[in-house]
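Engineer: Residue-level listing of the chains:
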Amino acid sequence: MTHLNDPVPLIREKALWMRRRAFRMVHEAQLGHPGGDFSATDIIATLYFGVMRFDPKRPDWADRDRFIMSKGHATGALYTVLCAAGYYPEDWLDTYMQPKSRLNGHPNRNYLPGVETNTGPLGHGFPVAVGSAIAGALTGSDHRTFVLTGDGELQEGSNWEAAMVAGHRKLKRLTLIVDRNRLQQGAGTEETSGLDPLDEKFRAFGWQVVEVDGHDPAALLAAFATPTDRPLCLIANTVKGKGVSFMENKASWHHGVPNAEQFAQAMEELV
Amino acid sequence: MVQAAPKAAGLHDCREAWVTTLEALAATDPRIVAVVNDSVGSSKLGGFQKKFPDQLINVGIAEQVMVGVGAGLANGGCIPFVSAASCFLTGRSLEQVKADIAYANFNVKLVGQSSGVAYGELGPTHHSIEDFAWLRPLTNLTVIVPADPWETAEAVKWAAAHEGPVYIRLSRMPVPEIVVPGRTFQPGKAQVLREGGDVAIIACGTTVHLALDAARALAGEGIAARVLNMHTINPLDDEAVLAAARTGAIVTVEEASVRGGLGGAVAELTSAHDPVPVERVGFPGFVPTGSVDWLFTEYGLSQDGIAAAARRALARKRK
Ligand SMILES: Cc1ncc(C[n+]2csc(CCOP(=O)(O)OP(=O)(O)O)c2C)c(N)n1
Ligand SMILES: [Mg+2]
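Chains A and B, in that order, are what the protein sequence lines are. Counting in the working numbering, the first sequence runs from 1 upward without gaps. Counting in the working numbering, the second sequence runs from 1 upward without gaps.
To be clear, the hints were calculated from the coordinates, so they are not data collected in a lab. Yeah, the Cβ is synthetic: ideal placement off N, Cα and C, and Gly gets one too.
Below, simulated SDA-like cross-link-like pairs (lysine to any residue); rule was C-alpha separation at most 20 angstroms, straight line:
| hint | chain 1 | residue 1 | chain 2 | residue 2 |
| --- | --- | --- | --- | --- |
| 1 | A | K100 | B | P288 |
| 2 | B | K50 | B | E23 |
| 3 | A | K250 | B | G46 |
Rough simulated footprint, nothing fancy, chain A against chain B, three-plus residues with beta-carbon under 8 angstroms:
| hint | segment |
| --- | --- |
| 4 | 54–62 |
| 5 | 114–127 |
| 6 | 285–299 |
Over 10 angstroms on every C-beta distance to chain B, these chain A residues come out as not near it, computed from the model:
| hint | residue |
| --- | --- |
| 7 | D55 |
| 8 | R173 |
| 9 | N237 |
| 10 | N259 |
Produce the complete structure using the sequences and hints provided.
Structural biologist: This is the structure in structure tokens:
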């Protein structure tokens, strides 16, 4: 899918739908990770409706761009974008976390078209993305590989091993987006095991680094188009729970779920 | 004769007993340290952190480091309780558990939280049903699976006093207190909760009370089922298993994979010494999405499922 016109209005429209739909899923299941869904929504909507080349009718098309959701807990964001992108009908979303549903609490590529790999344990998606980017180079495909990690997730050492391999091999078709919402499950990243200065770390590993507002589609589009001869890391500054006043910047909404009142208020705010 | 009483009223989250016991230990012994991976909340250690801020080390989302740090703390004279979701504690850090804890034989206590299928809908990445198979062969590592709050507290106290590596596998599933007169906890020594000579049901952890329910139901059909609480998976109580084999039919029950865990251990031992039919109740492998209750029912970890397994074992019994 390519977009000749300005894709920003479409991205905004899709992101709004994703947040509303994801929160309904979480409300109905009384399970999920809405804080991390909402910090990632604009990044993912920008990728699918402004950047990536894909065809939902051919999920195994060899030259498709890959999106790997390393922060696999944010299934509200992933499942809604794949639905919006045309991989499956909306009624599949109604089964979120139900017995035998294809929509498990963490994504499973064997059940859902469009899911590139199974994630859930943190620190797994990034190494898989490196492999996918190496395969692109080996097979002469010009596909890009995008991988989204949480920021707390970067405390896992596997990410830094992957960063080293990608930097060493100058994988210029690999883009890592860090959802830099500064919160992990129980507390802030900097009070738990600090990541700053994150940009310098990635530069030292041989990456091109761009900081960007992770809720601004136009800025994200420009950042994704950064010319580079090495792997590209976007440090996307985000707000956990973005879009719902009582959720923003609250660690308790990492896997908090709304009651009926909170759900109604969120629907009023997400317009 | 031992006979466990019917279920006491109320269900309990064993994590309460875990933290209460750990806090009591830490209050008198500054060597007690909790080590976590962004898992203060899921380990119920919020209160511990407030009371003993210096005795809680949160390494962030980094399980391999967490287990390695545990070994280092033991090297430095501390008594670390490394507590995390058991899927990551055992799966992600398996080599650290093997090499740095079991092989190096450090005095580290690993505490697996929300084990089995406690994370139901979050799926197989978050289930910890392979941990018995992974950890059971590790030399030096005592593997304990408490059945209720009392046994949880006993296991934590014993682990703190014991010099050597221990894995305590906790659940989040609410369980009833198992009432046994004069109950004692002796690691490596199974507890007979109910006598019976037709078939033996060997259970552990969250399934012990279900095994007792099944035995009571079977009694109504004239089948006398012995029930064993096999709270220690490594070392296994060989003597109790071989005594169970003398009933001529065994059922094993565990909130774990039927491959390599308690059922695997019992099958290994009996096939070598006294081959009898062994029906293994547990999970066959990766399971579909579903709530804990749904998964327990679907895979026969229930009174009915266990009783049915006992009837199957009896039908296969050598005449
Ligand atoms: C290996 C591993 N350890 C622990 C967890 C439990 N866990 C799930 S999400 C999470 C916090 C993630 O924080 P972050 O990466 O910042 O994600 P976000 O803020 O975007 O939700 C934790 C600790 C996990 N899924 N995998
Ligand atoms: Mg975060």
